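Enquirer: Residues per chain are reported as follows:
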Amino acid sequence: MKTTTVTRTIRLAITTVVVAVLAGCAAADPRHTVEPPDIDFLPQGVTDPAEIPEATTVDDSCDPLASFRPSDDTDSPEIQHILARGRLIVGVDQTSYLLGYRDPLTGEMDGFDIRIAREIAFDLFGDRDAIQFKAMSSAEREPALEDEDVDLVVRTMTINCARWKNVAFSTEYYRAGQKVLVPVTASDDPADLAGQKVCSAEGSTSLLRIEQELGAIPVSVRDWSDCMILVQQGYVAGMSTDDVILAGMAAQDPNTKVIGERISEEPYGVAANLEHTGLVAFVNATLDRIRDDGTWEEIYAGTLGPILGEATPPDPQYRD
Amino acid sequence: MTAVPTSAAPATHPPSTTPAIPQQRPEPPAKAPRPRRSTRSTPVRLTATLAVVLVLVVTAGVTAFFDSLDRATVIDEASGQRGRMAIAAFEMYRALSDADSAATSAFLPGQFASTELADDYETGISRASTAITTLADESTTLEQATIVAELSAGLPTYTGLIETARAYHRQGLPLGLAYLRSASALVQEDMLPKIDRLQTHAMADLGDAKGSAAGFPWLAVPACLLALLALGRGQFDLSRTTKRLVNPGAAAATLAVLVLTGWLLVSWNVAAGHINAGHTAGTQPLEALSNAHIDVQQARSNEALTLIAQGANTDYEAEFRTIMTELIGEDGESGVLNEALRRFDDPQLNAYIGDAVDAARDWNTAHVALRELDDGGDYAGAVASAVDTDDGAARIAFDALDTALTAANELAAEKFTTETDAAASALDLTGVGFTVLTAAAMIAVSIGMQRRISEYR
Chain A
1 MKTTTVTRTI RLAITTVVVA VLAGCAAADP RHTVEPPDID FLPQGVTDPA
51 EIPEATTVDD SCDPLASFRP SDDTDSPEIQ HILARGRLIV GVDQTSYLLG
101 YRDPLTGEMD GFDIRIAREI AFDLFGDRDA IQFKAMSSAE REPALEDEDV
151 DLVVRTMTIN CARWKNVAFS TEYYRAGQKV LVPVTASDDP ADLAGQKVCS
201 AEGSTSLLRI EQELGAIPVS VRDWSDCMIL VQQGYVAGMS TDDVILAGMA
251 AQDPNTKVIG ERISEEPYGV AANLEHTGLV AFVNATLDRI RDDGTWEEIY
301 AGTLGPILGE ATPPDPQYRD
Chain W
1 MTAVPTSAAP ATHPPSTTPA IPQQRPEPPA KAPRPRRSTR STPVRLTATL
51 AVVLVLVVTA GVTAFFDSLD RATVIDEASG QRGRMAIAAF EMYRALSDAD
101 SAATSAFLPG QFASTELADD YETGISRAST AITTLADEST TLEQATIVAE
151 LSAGLPTYTG LIETARAYHR QGLPLGLAYL RSASALVQED MLPKIDRLQT
201 HAMADLGDAK GSAAGFPWLA VPACLLALLA LGRGQFDLSR TTKRLVNPGA
251 AAATLAVLVL TGWLLVSWNV AAGHINAGHT AGTQPLEALS NAHIDVQQAR
301 SNEALTLIAQ GANTDYEAEF RTIMTELIGE DGESGVLNEA LRRFDDPQLN
351 AYIGDAVDAA RDWNTAHVAL RELDDGGDYA GAVASAVDTD DGAARIAFDA
401 LDTALTAANE LAAEKFTTET DAAASALDLT GVGFTVLTAA AMIAVSIGMQ
451 RRISEYR
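Quick note, the sequences are listed as chains A and W, same order.
Counting in the UniProt record's numbering, the final residue of the first sequence is number 320, and the numbers go up one at a time with none missing.
Counting in the UniProt record's numbering, the final residue of the second sequence is number 457, and the numbers go up one at a time with none missing.
A portion of the hints provided could be inaccurate.
Below, computed lysine to aspartate or glutamate pairings styled on EDC-like, alpha-carbon distance capped at 20 Å [as the list claims (entries may be wrong)]: (1) W:Lys194 - W:Asp205; (2) A:Lys134 - A:Glu146; (3) A:Lys197 - A:Glu51; (4) A:Lys134 - A:Asp103; (5) A:Lys134 - A:Glu119; (6) A:Lys134 - W:Asp205; (7) A:Lys134 - W:Glu372; (8) A:Lys165 - A:Asp149; (9) A:Lys165 - A:Glu148; (10) A:Lys257 - A:Asp192; (11) A:Lys257 - A:Asp292; (12) A:Lys134 - W:Glu317; (13) W:Lys194 - W:Glu116; (14) A:Lys134 - A:Asp147; (15) W:Lys194 - A:Asp38; (16) A:Lys165 - A:Asp63; (17) A:Lys165 - A:Asp192; (18) A:Lys165 - A:Glu142; (19) A:Lys134 - W:Asp378; (20) W:Lys194 - A:Glu35; (21) A:Lys134 - W:Asp375; (22) A:Lys165 - A:Asp147; (23) A:Lys257 - A:Asp189; (24) A:Lys134 - W:Asp315.
I should point out that these hints are in silico values taken from the structure, not numbers from a laboratory.
Keep in mind the model is a prediction, meaning the values are calculated, not measured.
Generate coordinates for the entire structure from the input sequences, incorporating the hints supplied.
Expert: Right under this line is the structure:
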């Protein structure tokens with residue numbers, strides 16, 4: 001009798017403990033089924049559709065292509081300063097293949113713009129290597145000249161009246177224009193791009209022409225080269241900007257081609273500080289020389305020619 | 001043993017342990033003891049006392065058991081799991097930054113064939129993949145699982161972009177740089193912020209878990225005290241009834257509950273100490289220093305990009321300056337590293353942080369010189385400073401900074417793990433121990449009192 005009471009009590013106590021423990025252990029183990037994520041394979045900074053920059057009214061208050069008469073006179077203070085320093089400092093691009101780029105393996109600069117700049121150094125010093133390149137973005141070009149961080153800028157810079165207010169331009173050394181790059185399998189007619197996505201760099205006026213001239217949907221990216229990634233990934237039907245930049249892209253991917261006529265005119269000039277007219281005249285003398293002695297053709301054939309076909313240097317225009 | 005049951009003065013019956021049975025209510029106190037008078041009521045009363053004691057002892061045992069079980073669960077699942085998650089998130093963050101920085105540095109002229117950078121990249125990727133498996137293992141919410149799935153899909157995309165970049169680079173084509181930048185942007189702008197979210201969640205959960213893992217056992221301790229009180233009262237009652245000083249069963253039960261209470265308090269105290277130490281010496285420095293380490297890797301990428309991609313739309317030099325200011329401040333005396341030096345007090349950790357501060361200052365100086373070289377036309381000299389492991393001032397300082405922060409982070413992660421393990425082992429055997437002690441107390445007090453009760457039969 002007494003033993004059964006004790007046993008019963010103990011049994012009850014143990015059962016209570018065991019039940020409680022089991023209840024505690026029965027915690028749920030949450031597992032989740034996850035849908036395959038929608039991974040964004042695009043380069044960062046893609047804006048689709050692009051924000052179109054406002055159309056700028058064409059400033060025709062001047063004759064932009066007319067520059068100063070060529071002169072090999074080195075007496076001007078800015079040229080004296082450069083000679084005393086022993087090297088010419090030039091603002092360039094280092095990411096546009098065939099135009100202004102750094103050879104990824106050697107670190108050497110090369111390209112059409114680079115070789116033009118080297119000719120100016122040659123006329124100043126008799127040495128094409130007496131030159132220092134400063135890589136800069138488009139937006140940095142004018143401030144660098146105004147602050148005299150660089151003597152010259154040779155970086156796909158279009159001559160126009162608005163810029164003439166801040167910097168001085170040489171005569172035109174290359175006539176570029178907006179074209180379109182498409183996969184090699186696509187049609188040769190830019191009109192067929194109507195309604196399709198076409199890429200350009202953000203903030204550029206090319207975006208406007210993609211919409212107006214091609215009737216296509218503009219997509220913007222941070223840098224030109226990101227457009228090329230989008231073309232390769234098939235996200236856009238093509239990319240559109242100055243033909244020289246497209247030539248550099250097409251040269252890196254044989255599965256692409258540059259098509260159509262220019263839908264804009266981009267006369268490139270060598271820019272200098274607004275005050276440095278003596279230097280500009282000297283640059284014009286160099287441009288004169290390379291037009292006459294075949295150097296221009298040689299440079300073109302060694303860089304852009306194989307992609308863009310034959311071309312001749314633009315005729316110089318002068319203010320008087 | 002011969003028991004001589006005597007009647008107790010009814011007035012001394014403790015009201016709390018005496019069942020209210022009206023018909024057994026004693027009559028007004030009698031002057032002289034009247035033997036046998038209470039023989040009918042004594043066993044009932046003692047049985048009732050025993051029942052109350054048993055209920056309180058089992059309550060004490062069960063609350064102590066669950067306190068310790070909960071604590072162990074929180075330490076293991078919450079503290080341990082969230083901690084492992086936080087550490088894995090930090091690890092992934094660092095591994096990806098390391099890989100990206102190495103991949104970018106390999107694009108500096110003359111570095112493409114560097115086996116060291118290739119190793120760094122591959123190690124970073126494999127560490128990141130491993131960290132993803134840990135993150136997948138430890139994620140408990142749908143949101144976490146989704147982020148982990150996105151990270152998991154992002155990694156092969158990243159390596160694919162890097163391989164495309166390398167293929168172009170190998171041919172001397174600058175388009176490789178575009179793919180490199182695109183890959184870096186995927187890491188910097190998409191993956192790292194996601195890891196950051198995981199990390200922030202894990203750290204917040206960890207803070208909550210720390211609270212419950214180190215909290216005072218507010219239920220169990222009073223329950224134990226109540227049980228002890230009841231046992232004491234029961235014995236007092238028993239000794240008055242039986243005229244014996246000690247009931248061995250009740251005494252043994254009291255001892256068992258005392259041991260249980262002591263064990264509970266000691267295990268709580270030790271576990272809480274380790275949990276708090278794991279926080280202050282582990283996760284806190286880990287958070288501060290991991291973020292610093294990531295900044296350092298990003299600055300390294302930016303330094304390389306000032307040499308190979310300056311002129312694109314991103315101002316890498318400005319980004320480098322921003323990060324450097326964040327690390328050591330404009331004056332070299334502030335910023336997160338100097339702050340960490342003041343905030344943490346582990347001497348070994350602070351030695352590493354001190355090294356990191358020195359290296360960051362050296363790097364800052366070297367970087368200014370490097371930019372001067374590049375801007376002054378000595379591109380080759382600038383590249384040499386960035387890449388040369390023997391003479392490159394920037395490279396040497398970066399390596400020193402990287403080494404110091406790696407060591408500091410590893411130390412902090414290790415501290416967290418050892419402290420959490422120590423906290424968990426402080427609770428080892430408490431489950432079994434508390435059960436055994438409770439059962440022992442119940443059996444002892446039952447046997448002890450039952451004997452006395454039976455003597456009335």
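Enquirer: Compare the structure with each hint and give your call.
Expert: Verification of the hints:
1. W:Lys194 - W:Asp205: holds (17 Å)
2. A:Lys134 - A:Glu146: Status holds; Cα separation ~15 Å.
3. A:Lys197 - A:Glu51: holds (13 Å)
4. A:Lys134 - A:Asp103: holds (15 Å)
5. A:Lys134 - A:Glu119: Roughly 17 Å separates the two Cα atoms, so the pair holds.
6. A:Lys134 - W:Asp205: violated (50 Å)
7. A:Lys134 - W:Glu372: holds (12 Å)
8. A:Lys165 - A:Asp149: OK: lysine 165 of chain A and aspartate 149 of chain A at ~18 Å, within 20 Å.
9. A:Lys165 - A:Glu148: Holds, because 16 Å separates the two Cα atoms, which is no more than 20 Å.
10. A:Lys257 - A:Asp192: The hint holds at about 15 Å.
11. A:Lys257 - A:Asp292: Not satisfied, since the Cα-Cα distance of roughly 31 Å exceeds 20 Å.
12. A:Lys134 - W:Glu317: Judged against 20 Å, a Cα distance of about 14 Å means the pair holds.
13. W:Lys194 - W:Glu116: The hint is violated at about 29 Å.
14. A:Lys134 - A:Asp147: holds (14 Å)
15. W:Lys194 - A:Asp38: holds (14 Å)
16. A:Lys165 - A:Asp63: holds (12 Å)
17. A:Lys165 - A:Asp192: Between lysine 165 of chain A and aspartate 192 of chain A the Cα gap is close to 39 Å, so the pair fails against 20 Å, i.e. violated.
18. A:Lys165 - A:Glu142: The given pair, whose Cα atoms are some 10 Å apart, holds under the 20 Å limit.
19. A:Lys134 - W:Asp378: Within the cut-off at roughly 11 Å; holds.
20. W:Lys194 - A:Glu35: holds (17 Å)
21. A:Lys134 - W:Asp375: Roughly 7 Å between the alpha carbons, so the hint for lysine 134 of chain A and aspartate 375 of chain W holds.
22. A:Lys165 - A:Asp147: holds (15 Å)
23. A:Lys257 - A:Asp189: holds (12 Å)
24. A:Lys134 - W:Asp315: With Cα atoms ~14 Å apart, lysine 134 of chain A and aspartate 315 of chain W stay inside 20 Å; holds.
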